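Asks: All chains should be modelled from the sequences, with the hints used to inform the complete structure.
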Amino acid sequence: MSFVYILIGTVAFAIVAPIVGCLLAGLDRIISARMQGRVGPPLLQPYYDVRKLMEKDDVTVSGVDGVYMTCALVFTAFAGGIFFSGGNLLMSAFIITMASLFFIMAAYSSRSPYAELGAGRETLQVMSYEPMVLLMAVCFYMAAGSFNVADAFLLDKPVITIIWPAFLGFLFILTIKLRKSPFDIAMSHHAHQELVKGTTTEMSGKTLAKVEVMHWCETVLFLGWTGMFFLWMNPVSFVIAVVVALAAWFFEIWVDNNFARVKWQAMLKSAWLVALVAGGFNIIFLMFV
Amino acid sequence: MSYATKSPWVIHYDASSCNGCDIEVLAALCPGFDVERFGIINTGNPKHADIFLVTGSVNERNISVVKQIYDQMVEPKVVVACGTCACSGGIFHDCYNVLGGVDQAIPVDVYAPGCAVRPEAIIDGVVQALGILDEKSKALKASKRGA
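Chains A and B, in that order, are what the protein sequence lines are. Residue numbering for the first sequence follows numbering that gives the first Met the number 0, beginning at 0 and increasing consecutively. Residue numbering for the second sequence follows numbering that gives the first Met the number 0, beginning at 0 and increasing consecutively.
Heads up, a few of these hints could be off.
[What the hints assert, rightly or not] Per label pair, the in silico range of CB-to-CB distance: (1) M232/A - R36/B: 41 to 49 Å; (2) F237/A - G145/B: 49 to 57 Å; (3) L6/A - A141/B: 36 to 44 Å; (4) I122/B - E193/A: 20 to 28 Å; (5) D70/B - F258/A: 37 to 45 Å.
Source of the hints: derived by calculation from the structure; they are not laboratory data. Note that the structure is predicted; figures quoted are calculated from it, not measured. Every residue, glycine too, gets a C-beta built ideally from N, C-alpha and C.
Replies: This is the structure in structure tokens:
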């Protein structure tokens with residue numbers, strides 16, 4: 000039965016998430032522009048960008064990067080479907096990592112030096128955020144008694160009340176996951192240059208459009224994870240979750256516009272330190288209560 | 000209108016410019032003019048770009064670079080020659096190593112003159128280029144349908 004829910008969730012996510020993600024990306028660009036004293040593009044600019052990319056001629060170096068990106072898109076939709084149908088949080092985290100790996104494979108497949116560098120840096124990003132994501136899922140399990148997101152609606156108080164350190168740790172790696180400065184070392188929104196846009200060096204047209212759409216879906220999923228901390232049996236909690244997710248998203252944009260990009264060493268060290276302190280101590284605390 | 004005109008991403012190459020025009024190209028992206036209002040993004044990658052902005056004249060050393068960037072750009076694409084040097088060679092036209100304007104290397108669609116070219120002239124040039132980009136985009140779509 001749960002498999003049917005996941006399938007329905009996946010289809011619904013594949014339809015709704017690109018729309019919501021596209022609007023969020025457009026708002027992101029407007030807010031960023033206003034923070035920089037500019038007017039900024041229209042709200043639907045990300046949609047125009049993707050439509051334009053789909054109109055471009057088909058040119059590819061390896062011939063398989065488009066296939067890898069399609070796989071990445073499918074796995075992203077699947078991860079979103081599992082999460083938003085109330086399924087297993089840990090499985091959602093693993094599947095979205097699978098999508099990241101396909102994206103890395105797509106970048107590696109061209110064998111171009113900048114794309115390989117970008118793929119390596121993307122791998123470092125995955126290495127940086129993955130420990131905290133897993134500890135976050137474990138903390139959720141210990142607080143809610145289940146990995147199933149739907150079970151959060153059975154609680155008499157939201158998990159944030161006892162796993163707020165894990166939430167803070169998750170906010171830290173959310174910056175990496177949303178590809179925001181100071182941790183946008185593999186596919187930055189702002190600097191469209193070779194090294195920090197390395198993964199997409201050899202991608203163009205439809206393949207690049209898939210990267211954009213994947214990023215929209217990812218954003219929606221990660222904001223969903225953020226909101227999950229604030230759910231309990233009260234139906235109002237759903238509204239609170241949405242508000243908190245949007246606040247976290249605005250906070251990430253603010254961070255994005257106010258911090259300079261760091262080297263990958265700093266990202267890896269700080270992310271693991273945060274995972275150990277925030278996630279590790281939270282788990283130890285939960286073991287004794 | 001095709002979507003190509005709503006999201007023109009540019010790549011900028013300094014052929015042998017004195018940097019006067021280059022600074023004006025970047026000025027167009029700054030808050031004063033903010034060309035991102037029209038969806039214009041300055042990319043560093045020819046494979047992502049739709050509009051090729053060249054500043055400065057073409058010489059024996061950089062003609063291969065200009066050609067290579069042009070070849071790596073994905074259709075539909077347009078070229079805007081920014082500044083007098085890029086249009087005709089300018090005051091360097093009879094220099095021993097200078098071949099002339101950018102049109103000596105690749106087909107140029109729009110000429111934006113000026114020394115240095117004003118940001119308004121660049122934006123004007125790009126807007127004209129958008130019309131040509133629209134035509135090329137439609138032609139590409141028609142040829143795809145025919146094939």
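Asks: Hints numbered earlier in the text: which of these fail when held up against the supplied structure?
Replies: none
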